[in-house]
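Sequences are here, hints too, so could you generate the full structure?
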Amino acid sequence: MFQFIRRKIKNKRWLNLCLLVGIVLLVAVFACHPMFERGAANQLLQTAFENYALEREEFPAVIAREESYQVEEYKNMQEIYNRMDAYENKWQEYIEAEEVSSNQSVMFSGFTAISAFQSNKRFFTVGCIRDMQEHIELVDGSMPTEAQTEDGAFYCLISEAVMDEYGLVTGEELSMTYSLYKDEELRFVIAGVIRQSSYSDNYWSEPLAEYKKTVFVPEETLDILFEHSPKASVACNQQLFLNYTQIDCSQAAVYRDYLEQFIKADGALTINFLETLKSFQQQQKSARVVLFVLELPCIVLLLLFIYMVSSQILALEEGEIAVLRSRGVTRKQVMNLYLLQSVLLSAAGIFLGVLLGYVMCRCAAGTDGFLKFSAKDVSLYQFTWKMFLYGGIACVIAILFMTLPVFGRAKLTIVEQKGLNRYSNKKPFWQKGFLDVLLLGVSVYLFYNYNKQSDQIALRIIEGASIDPMIFLNASLFLFSCGLVVLRLTGYLIAAVDRIGKKRWKPAAYASFLQIRRTFHRQGFLSVFLIMTISSGLFDANMARTMNENNEQRVLYDIGTDIRMTDDRWWLQIVKSQGQYYWSYDEPDYEPYMELEKEGICEKVTKVIEDHKVDISVKNTTLRDCELLGIHTKEFGETASLLEGLNDEHWFNALNQLAQNADAVIISRNLSEELGVSVGDSIGYTRYSPIKSDEIALDKVTGKICAVVDAFPGYNRYQYVQDEEGNYTVQENRLVVANYATVVSRCGLTQYTLWMKLNKGASDEQVTEYLKEQNIGINDFKSAADMVSESRSSAMIQITNGMFTMSFLISLLVCSAGFLIYWIMSMKNRELLFGIYRAMGMPIRDIYGMLLNEQFFGSMLPILAGGGVGALGTILFVKLLALVYLPKKHNIAIRIFIYEGDIWKLFAVVFAVVALCLFVIWKLLSKMRIAEALKLGED
Amino acid sequence: MEMAIRTEHLRKSFVLGNKSTIEVLKDVNIEISRGSLTILKGRSGSGKTTLLNMMCSLDEPTEGRVEFLGKDFGGLSAREKEKLRRYKIGFVFQSVALVPVMSAYENVDFALRLAGYEGDRNKRITEVMDRVGLRARMNHMANQLSGGEQQRVAIARAVAHRPEVIFADEPTGALDTAAGLAVVELFKEIAKQEGATIVMTTHDPNLMELGDEVYEIADGEIVGHIRNH
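The listed protein sequences derive, respectively, from chains F and D.
Residue 1 is where the first sequence starts when you use my numbering, and the numbers rise one by one after that.
Residue 1001 is where the second sequence starts when you use my numbering, and the numbers rise one by one after that.
Just so you know, the hints here were simulated from the structure itself, not pulled from any lab data.
Everything numeric in this text was worked out from a predicted model, so none of it was measured.
We put the CB at the ideal spot given by N, CA and C, even for glycine.
Incorrect hints may appear among the rest.
What the hints assert, rightly or not - Interface residues of chain F toward chain D, partial, derived using beta-carbon atoms under 7 Å:
(1) P507
(2) Y510
(3) A511
(4) L514
(5) Q515
(6) R518
(7) I836
(8) A839
(9) M840
(10) G841
(11) P843
(12) I930
What the hints assert, rightly or not - With the C-beta cut set under 8 Å, the calculated list includes, among others, these residues of chain D facing chain F:
(13) L1058
(14) E1082
(15) K1083
(16) R1085
(17) R1086
(18) F1091
(19) F1093
(20) A1097
(21) V1099
(22) V1101
(23) M1102
(24) E1106
(25) F1110
(26) A1111
(27) R1113
(28) L1114
Below is the structure:
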């Protein structure tokens, strides 16, 4: 049997090779799934941790516990330490991530101190943070080597903050009375002043400067205090910092479960990454859905391909099968023969497929946009044994698709097989039952419904609900059903053309139209395949471009320029006089920023006052929490950028208006509508004191509206606010833009943001390097390049770009292979027929003409139809699907982006394949010797 | 009697893979008169199909010449030979070779269009289909007809455009003896009515008597010539 199969495969090696390619690709897509899913999920999880760190400015994976221990319940301090250690050990037993750092502080509070030089009584806490000496440096004095001085005073250390606050110095003695033992006095000698050795050390999650009423003592001192104060309680605080990069997505659910149980069992516990894990799980669901629905069309395409090639092989072998059946081979035996052949091919395919799947996954993960491969770090995407399991599933499905067509054919004997009428005009079941029209109707209905609910869908996505896969699948359903309908129409068109010209057709046209019409339904499979690949290729390209472009445009719009940052040298001075606080800012030297321009790093730098807490009022109406921008109009115009077409007029016109009048203001459209004001009217804006605890309004400034804008650099009209129940609502941001000088002169100089436009070729790093050289600290650094790059690396966008790129390339490959196979086989099958035509005296150019005609109606029409269906799908569905990625309302509404380059690429490949096909046909025909062709027919 | 085809010192040889040469036809000289039914008889591999192919310009001789209706094939271009085949020749092939995507009617129609038939095609098709007794089944697709019926359609197609010479390569090869005999008789009768010359190859000894002239070929040589009158 093996010999027979080997011969069968060898005889049709090209077709079997194509089948193998189909299987390898199918296995690759399947095998890629677990690897890509895990990698993307890990990327999602890491991003969630990093975002937490960025937003909250704290370490994102901390388990913290705070508890007071009654001294009398413990034998000694060690017992308390042991208990704290036991907690940490227990946490680490369940959460396998390594400890990055940990700290345990033990504090005896309630001491009243009087220093030798000061009579003021101060409340102090005496304690220690374990292992503190490794994380501090001495500013003054020395580290105590013993607990007590010879005369019984305790050595202690104080922070710079305490030193400054209380004016304490090294060597000074503090007499302390403990609230529980008022009569007894303890003496502490300040041995040294300390500061934390690093400001990026997680150990100091609570900075040393925050311990404002603490004197630090060695652990031995605490032992003595413990012995001395049986009625006291010790406040213990411990924090465990975990290496979150070691938390794998697969552990998220289990860890969340453990952590929730920890919290339930221990009220003193706080875990800052529980919410991160929860929201990750929600996002992971969506990512899974997106990955699945994006892979599905590609899988369907590959299965169609496998089915098509195996049907082609079967068509060639059906005579052989019929002979076998006539010679007494049972249907089961024939099935087994083909099953074994499929198993052998699949077995060969699984290893290659898994390997290819690995490579494909790494490439897809490395995409930085549609069809854009980059050399970025893809270490999160690692091989997993599950790939073989998925590859195995792919093989089983492939085997089914290869052997199912045999089932029908294996029942025919040679007589039945010969009597089959293959060229009747019998319509396939889906055409007879108008299934194509029905499916198209369903798809359009679903589209209509989804479109109607697009706002709610967007809100649900923002709230973290997982994505409804039908939104995506419906687009595929549309492409498929529309393809079938177009195919039906193409059939009608061909029949109509043939009917009109039939009487006058030359023999070549006559024969070719009959060939096209009579094989139209058999060839329908190729046509559907062509329409599907072209339309989904186009759709994928447009979808990816739209998503990427809109995303980038929004990111760039939000930042408004290349870099936004604040200088950390600002100093707010507050003076209290006669019960009132007076404030003023020390403005840092601006010279270095002018140097940035001179050095050629920045094209322009400008100062912008940004205030998000401004009141705007007209008559009795006041709107709170509005946004104010104070700008130097000319510089701002040269620094900021705004996409064209977002306002009725170019935004420079508004700037020009503003420049002409010091008291003029530009306002946003929503503000104008809410307050019922327009150009020429006046509004008042009020800023508040920069002292945070204050709610003191500064001078109210009246401005005359010179322009109303829909969009302005850095101004996003919509803001999403989450209520206590976790529901999101959209709120509108309102903007007023005034002249910088007016804002400063009326409200005082406040901290401003620096907006920078980089010179061509200059990078963010050059700016930060330069400022570092000048010893300038940077706060709130935002860079357009970083934000775009981050947004591209988000797991959802990564999945989509990766999958679309992969699907697009696979579509091209299988479309080309499918096309070539079909036509070459169709040529080979008709060699006798061409021999007859030639023998009957048909000139070779008529045969070429005939084939060209067939190519036009059989391939070019479906290719063009595919283009049309892809374009229609793009117009209808792309905006809806882009909503899944960009659910938030924005000044920039989602627009469809179509890159001509993609279309050219797709059609160039398709036409190259058509040309190659024509070349092969020409080669076959020109080599054909009529007598031999006829001889072949006889054989 | 006027000659339809004449071959002179016709030779055909092929170079095999091992560079040795095999001679399929060795100095064949035959004459076929107009309006006759000539049978080329021989075993499989004797060279009869090769000879037939050269007489109808489907193959080129290595040496010698073929004169067809007074024209030397050697002096004709490929296009002229194509024209000859289109207008002057009709074919019936061993493997039936109807165009599978066409019905019986369309197969004949195609041949008429190819030969640039200027009369009423529908009338002519009905006429020849009537002659082969398949008028009632002329709209059936080729594979819905039996082997004998298909061969009758092939004959109708071969004679429809009124060619001067009809070449038939083993027209009964795929049929049983009785059906074969019936087909050749029909063939002969129609050809007579249409006034065509028929050249036919066969290995079936039962058909010999039907031919006006029978050439026997063995190993590429004419080994016998019988004239039935």
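*Holds or violated: is the Cβ of D:R1086 closer than 8 Å to a Cβ in chain F?*
holds, 3 Å
*Does the interface hint hold: is D:A1097 within less than 8 Å of chain F, judged Cβ to Cβ?*
Holds: closest Cβ of chain F sits about 5 Å from D:A1097, inside 8 Å.
*Let me know if the C-beta of D:V1099 comes in closer than 8 Å to any C-beta of chain F, holds or violated.*
Where the cut-off is 8 Å and the nearest Cβ of chain F is about 6 Å from D:V1099, the hint holds.
_Please check whether F:G841 passes as an interface residue: C-beta within 7 Å of a C-beta belonging to chain D._
OK, holds: F:G841 within 7 Å of chain D, min 3 Å.
*Regarding the hint that F:A511 lies at the interface with chain D, is the smallest CB-CB distance below 7 Å?*
F:A511 check passes; min Cβ-Cβ to chain D is 6 Å, inside 7 Å.
*Holds or violated: D:F1091 as interface residue toward chain F, Cβ cutoff 8 Å?*
With Cβ-Cβ at 6 Å, under 8 Å, it holds.
*asked:* Does the closest beta carbon of chain F sit nearer than 8 Å to the beta carbon of D:K1083?
replied: Nearest chain F Cβ about 7 Å off; hint holds.
*Using Cβ atoms only, decide whether F:R518 comes closer than 7 Å to chain D, and label the hint accordingly.*
holds, 4 Å
_Tell me if the interface restraint on D:V1101 is satisfied: Cβ within less than 8 Å of some Cβ in chain F._
holds, 4 Å
*Identify whether the interface hint at D:E1106 stands, where standing means a beta carbon of chain F within less than 8 Å of its own.*
holds, 6 Å
*With a cut-off of 7 Å on the beta carbons, see whether F:L514 makes it to chain D.*
holds, 5 Å
*So, D:L1114 near chain F? Judge it on the closest CB pair being under 8 Å.*
This interface hint holds because 4 Å falls under the 8 Å limit.
No hint from the list above goes unmet by this structure.
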